[in-house]
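S.K.: Now for the letters of each chain:
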Amino acid sequence: METREVLFEYVLRLGDNALILGQRLCELLGWAPELEEEMALANIALDYIGQARMFLSYAGEIEGKGRDEDQLAYTRDVLDFRCALMVQQPNGDFAHTMARLFLMSAFNEQLYGWLVRSKDQRLAEIAEKALKEVRYHVRHSGEWVIRLGDGTEESHRRMQRAIEDLWLYTGELFTPDEVDQAMAAEGIGPDLAALKPAWQQKVEAVLREATLERPADGWMPTGGKDGRMHSEHLGHILSELQFLQRAYPGLRW
Amino acid sequence: MKGWPLYEVFIRPRNGVAHRHVGSLHAPDPEMALELARDLYCRRGEGTSIWVVPASAITASRPEDKDAFFEPLEKEYRHPSHYNIPPDVKNM
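These protein sequences, in sequence, are chains A and B. Per our numbering, the very first residue in the first sequence carries number 26; after that it's consecutive. Per our numbering, the very first residue in the second sequence carries number 108; after that it's consecutive.
Keep in mind that the hints were calculated from the coordinates and are not lab data. Yeah, the Cβ is synthetic: ideal placement off N, Cα and C, and Gly gets one too. Hints are all accurate, no fakes.
Beta-carbon label-pair distances, calculated as ranges: (1) H128/B with W56/A: 24 to 32 Å; (2) G196/A with H126/B: 45 to 53 Å; (3) F177/B with E179/A: 45 to 53 Å; (4) C149/B with W244/A: 41 to 49 Å; (5) E153/B with E238/A: 35 to 43 Å.
A short, non-exhaustive set of chain A residues, derived as facing chain B with CB atoms under 8 Å: (6) E59; (7) E61; (8) M64; (9) A65; (10) N68; (11) H165; (12) E168; (13) R172.
Excised from the complex, chain B in its bound form:
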């Protein structure tokens, strides 16, 4: 049983919001990963939807790309921070 592949787990806490990464687990296959995610991450009723993704399918940025990718730009106009968000909009 050694060497089950790694899966990343994403859960949508409630309708209308995006899935959020909650952690990872090892499982023999995707279907079982879904069940084990239910047992590991949804025991207390969190969530309305689960995604499991093989960790090997994720392409990630590298720490050395930091400058090129993430250097803060002096372009404040790209941020929507000057808009007033109506009170009824709970997630933006």
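Isolated chain A (complex conformation):
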């Protein structure tokens, strides 16, 4: 692949992670346990959709085929998506929603924290804006992990289960493939493995305070960010996300 294609692929991943996580959180509108928390989740969802717009617009420019953020979001088929398995996971119960948001946002905090010094000026600018938002997401979801973990017997059991279920998808985040390696070599993206210690430290500190057990690192699946083997959930997410543009192509507000 040419550098340009690799960069397109890389920025697409950043955009798709934000888009799908944002869409997942949007699914909760009208379903959150309390009105106040619903507003918080909607804000966070909109932060991620906003990040997706910036990354996908940039991806479209890199590609140079005239596709804009909307076309990339609404008219790509499932196999052309490049999002991590983690963000594809269903909302499940409130513990799963918060555990996923926490694990992923803590990753994004490290990733964006690195990207602000990227040699790619545009990525650095997007990351700088997104980093402020993501710090709040880590804080908010982390506080919930702590409250549910160190809450009642029932909430503890559910949060422990959520962390264990989702731990499986943390491996892919830190496993570099050739795209990640190429970007790291160019100084555009980080060495993913080097981000892990700080992420781990943050996650472990929260789990400790939450009286939760850190799951062991076993075999972990990959295949989301390179589109090789998505979860069965992604197609269903897209059927909702893309319905309007598929049924009424080019429809505008």
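Since the structure of chain A is already known, use the hints to place chain B on it.
M.R.: Below, chain B without anything else, positioned relative to chain A:
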């Protein structure tokens, strides 16, 4: 999750002015009340500081105290209305 206590929210719009009551919310504890206040009342960049106070901690006057508390007094000299406020003083 039912029965989260009520918190009153106060926001200081900018440095140099007092916190103002902006509304209330339900939250499981003070720390979470602060975060939820941020999401409910500071989405558009208003504010430099937030206070959250358990509504139960507020002692309020009662409507029947109206006369004793609030009856306008014929003591105009208590009002600073005859002073000219310098133009540079924005909040008084």
